[in-house]
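2 protein chains.
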Amino acid sequence: MAIYDNILIIGGGLIGSSVARAIKAKDATVKLFIVDVSSNACGVLRTLDIADGVSEKYDDFIEAADLVILATPPSVMKHIGEGVVTGMKAGATLTDVASIKLDIVRTFEPYMRDDIHFIPGHPIAGTENSGPAAGFAELFEERWCILTPSENVDEDAVENLKSLWEALGSQVALMDARRHDVVLATTSHVPHLIAYTLVGTAMDMETVTRNDVVKYSAGGFRDFTRIAASDPQMWRDVFLQNKEGVLEVVDRFIEDLSALKRAIRWDDGETLMKHFSKTRDIRRNIVDAGQDTDKPDFGREG
Amino acid sequence: MAIYDNILIIGGGLIGSSVARAIKAKDATVKLFIVDVSSNACGVLRTLDIADGVSEKYDDFIEAADLVILATPPSVMKHIGEGVVTGMKAGATLTDVASIKLDIVRTFEPYMRDDIHFIPGHPIAGTENSGPAAGFAELFEERWCILTPSENVDEDAVENLKSLWEALGSQVALMDARRHDVVLATTSHVPHLIAYTLVGTAMDMETVTRNDVVKYSAGGFRDFTRIAASDPQMWRDVFLQNKEGVLEVVDRFIEDLSALKRAIRWDDGETLMKHFSKTRDIRRNIVDAGQDTDKPDFGREG
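Respectively, the protein sequence lines represent chains A and B. Its first residue numbered 138, the first sequence is counted upward by one per residue in our numbering. Its first residue numbered 138, the second sequence is counted upward by one per residue in our numbering.
Just so you know, the hints here were simulated from the structure itself, not pulled from any lab data. Be a bit skeptical, because a hint or two may be false.
One copy or any two copies: either way a pair holds, since identical chains are not told apart in the list.
Unchecked claim - List of simulated lysine-lysine pairs, DSS-like, C-alpha gap at most 25 Å:
no.	residue 1	residue 2
1	194	432
2	411	380
3	398	215
4	215	411
5	398	161
6	415	226
7	380	415
8	168	380
All values derive from a computational prediction rather than experimental measurement.
Isolated chain A, as found in the complex (with noise of 0.2 Å):
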């Protein structure tokens, strides 16, 4: 690999640690840092060993780095953003994995620095579990990642960083902010802030217990609790921070379910098999693009 000498990631949850263990595993050479706000982090990150030094300030790392990535909660990303670019070195590369991309460009404009290359950039990988332990090298492996840059931003500096994600086995699309934001919207915001409620529906429901929920929850219900099961935090920022994608999006999620709520209402049986032929369709597009398995539910044991 060799692309970036030394490395500082800042967040050592799912997605940093991953990025650690990942680069690691493609290349033991390179140095690597990582800095988590939680001193209960670092230590996990200590034991774990899958860095060359751990810290709760990235002042120790940053000035050596060629390549910083941002791997916070997207409101931590925010909060810190301007102290990261102002001691960071000339010619290093910044970058991030949020799940948001508009808004972390907004955020940054104001303190970017022109010897830096801020090239934005969001894995579509993860699992619903969080923290360091969570993490393993292979998580991106045949999954996309999608870099943001701005048109003046140096091309050898965005093809390095592709480079990067290729070796630990992504796949690179490039795309504007904009465009972004209203893509994951439809592909992940909105399915979570639709599993989020639904699993809250069935807790509040007078007539239906817990325990009701639990026994009968592979009926399908159980599907929706994974994704809800997802990082609070992480996710209250994407939602605040992705607003007006994913307000777009939910509101045709609600006109699309008013429309099938009202043929049931009116026992049109029709209308109901048309939406329900076309659905099943994509599943099968989704697992020849290697994006699934083909296993039968998922491939679940017992």
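Place chain B on chain A using the hints.
Coordinates of chain B only, in the frame set by chain A:
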């Protein structure tokens, strides 16, 4: 096992063929027959060699059956119900596997005979695949099966059917049909309706291509496509036949979604955080109850 000497399954799809496989796996001496209206399905069933006889017509087997299991889509049960009841021998048991119960009870009431034990049932198990080839013997292991006998049904007959499901690896719960429909609207029917809706919404977004949806589906969307790949006819029937339960839960869901939408619009991070924190718990309950795998991401591969 040998609770029933002679069993007839009407409908040889995912559930019917899985029941057949599971029964034969437990006790090969049971005489087991499968009827399916589709000659194509009958061909597959014969090749699979999981029954002692396969036919397109139930006339050939119904008189001999100690137990008749209806495993067709609910609308087909309505269509053939009277003929099946008329053809059965005295003292035999009639059950079904439909995901709705009150409508089934009401359908059979007018022509139900006193000398037949009618015990509606619903195994909470399945995958997104359909058809005889999709079935497997282990489908019901560790899952719940709900029986909704009316109060005047023979206790021994209920005990026998309970024992059959237990022999197939399930736990059995008894409840009344109305309660079943509300509980399942929450844990199964509305989750399916929402998944079908969201997948449709994503396919219809003008600003997001089908290719985008497929490539970036690992952000959460792909989970919904699994459920939305389920049998369209079966689910059309379920929604229309549990109209009351489904509309009640959908309305609650839309209320809750609107409240979260409002929180997003007004930057109310506290409300979001509170909501997202409480939903994490129930995933743990479901995993602890053996109703889902504890592996991250359902233990998906690749």
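Cross-check of the supplied hints:
Taking CA atoms no more than 25 Å apart as the test, residue 194 paired with residue 432 passes in neither setting, with 44 Å inside one copy and 33 Å between copies. Proximity of residue 411 and residue 380 under a CA criterion of 25 Å is satisfied inter-copy only: 18 Å between copies versus 32 Å inside one chain copy. Taking CA atoms no more than 25 Å apart as the test, residue 398 paired with residue 215 passes between copies only; the shortest distance there is 23 Å, against 41 Å inside one copy. In this assembly of identical chains, the alpha carbons of residue 215 and residue 411 lie at most 25 Å apart only when taken from different copies (22 Å versus 46 Å within one copy).
In the homo-oligomer, the alpha carbons of residue 398 and residue 161 never lie at most 25 Å apart, since the shortest distance is 51 Å inside one protomer and 41 Å across protomers. Proximity of residue 415 and residue 226 under a CA criterion of 25 Å is satisfied in neither setting, with 53 Å inside one chain copy and 43 Å between copies. With identical chains, the CA atoms of residue 380 and residue 415 are at most 25 Å apart between copies only, with a shortest distance of 22 Å across copies and 29 Å within one. Within a single copy, residue 168 and residue 380 get their C-alpha atoms no closer than 38 Å, and across copies no closer than 61 Å, so neither meets the 25 Å cut-off.
Checked against the numbered hints above, the structure violates hints 1, 5, 6 and 8; every other hint is satisfied.
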